[in-house]
Every structure is written in C-alpha cells, then in structure tokens.
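Chemist: Heads up: the protein sequence lines correspond to chains A and B, in order. Position one of the first sequence corresponds to residue 1 (my numbering), numbered consecutively onward. Position one of the second sequence corresponds to residue 1001 (my numbering), numbered consecutively onward.
Treat the hints as calculated values from the structure; they're not laboratory data. Fair warning: this is a prediction, and the values are worked out from it, not measured in the lab. Heads up, a few of these hints could be off.
What the hints assert, rightly or not - Here are the computed lysine to aspartate or glutamate pairs in the DMTMM-like style, where the Cα-Cα straight-line distance is at most 25 Å: (1) A:Lys8 <-> B:Glu1055; (2) A:Lys10 <-> B:Asp1047; (3) A:Lys11 <-> B:Asp1047; (4) A:Lys10 <-> B:Glu1070.
Below, each chain spelled out in residue letters.
Number of protein chains: 2
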Amino acid sequence: MRVGFILKVKKQLIGEYKRRHRNVWPDMQQALRETGWHNYSLFLREDGMLIGYLETPDFDAARAGMALKEVNARWQAEMGEFFEQLDGQRPDEGMIQLEEVFHLD
Amino acid sequence: MRVGFILKVKKQLIGEYKRRHRNVWPDMQQALRETGWHNYSLFLREDGMLIGYLETPDFDAARAGMALKEVNARWQAEMGEFFEQLDGQRPDEGMIQLEEVFHLD
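Here chain A stands alone, though its shape is the one from the complex:
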C-alpha cells in the first residue's frame, strides 16, 4: 500500500529540521527498513508543511513495529519539539494520513 501523510514543522526550526534529516541515524534507518517503511520520502514546503510518502505492506503494522523500537523512542523525543499542534502526541502519532484518490503505475 502507498501512504501519504502530513505534519507541520515550526517555521523557525525548518533549517534545523532539514539538517537533522541529512543525517538520520543509521540505526533509525535500519529500524524503518526492518518494520516495512520502503521508498520513504519527506518533502517540505517553505512554510513548514511536511509531506511524507512511503510504500509498505501494512501501514498499521509498520507504525506498530516502529513504536516498539527503542531507537524510534529516542528519535521521536528529539523530533517532538519541531512540530506544531501535536497536542502531546509524538510526531509518529500525530501524522494525518491522506486518502489516495488516484494512482498510475
């Protein structure tokens, strides 16, 4: 399945967010691969709107798998401050999943 989601990065932290994502920890990348996050990209609009796209056998399983990873807890704790309107959720809990309305292979 293909997944699209949205989050909002605080405008004043956009530069730092980009810097961190040029060097995502290798064990975080490995955990994503192991839990089924494939062809995963993040795109950022100038105002901080962040778009995620990934392909996975099962997004609920992919999220649940990451939720069990110790490295993810550390990563999300560092990322929490970067996002707006999470209402106490972690970033990986605050993703707004989008409806796929068209696909062409």
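Here the structure of chain A is known, so what remains is to put chain B in place on it, guided by the hints.
Modeler: Below, chain B alone, put in the same frame as chain A:
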C-alpha cells in the same frame, strides 16, 4: 527523481474531484506514461489539500511533454475549475513543487 507537489481543491468540489479521478481517461493515463510520469499518486486531505507524488527521469521534461499533448489540454481545461488560487494558470502550471528533505529506499 522523486517529486512532491501540492495543489488545493475547492472544498465544495472535493466529491466531484474524487469521482473524476476514479475514471481518468485512458488516453490521459497513456499520455502520462509516455511522458515519464511513473508511480504517480494523488492524496487528498479532507479540507481539499491535494498532494502529488511521482517518479520521473526529469520532471521538467515530463511537464513539457504533457504540455504538448492535446489530451492534457482537454483534461486541464476541465480540471481548472476544481482548484483554488491558480491565478489564471492551468493546474499543471500551478503545482507548488516541494523540496525533498529525506529519502530511504
């Protein structure tokens, strides 16, 4: 290259937009394939924000190729009314391209 872009569908036309995209004309789909639009998905948020994701050898060439297709002119003419804030541009001219800040294969 991977491309992410954003457009905004008028809220009152979301249902019709989704209906049209369940039946994209076969010759429009063929034109997209021929001009290098691959693994192309559209995702819609409840408020009408539309996210596009595609993979292409060259996005400028893919857009230029489509701009020359007669079927695309007909499709974009029909789609124009669905979008907000195009300022007279066609939807395929009004796409806001996003910066890729992370990728994991």
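Chemist: Decide, hint by hint, whether the structure agrees.
Modeler: Hint check:
no. : hint                  : in the structure
1   : A:Lys8 <-> B:Glu1055  : holds, 24 Å
2   : A:Lys10 <-> B:Asp1047 : holds, 21 Å
3   : A:Lys11 <-> B:Asp1047 : holds, 22 Å
4   : A:Lys10 <-> B:Glu1070 : violated, 42 Å
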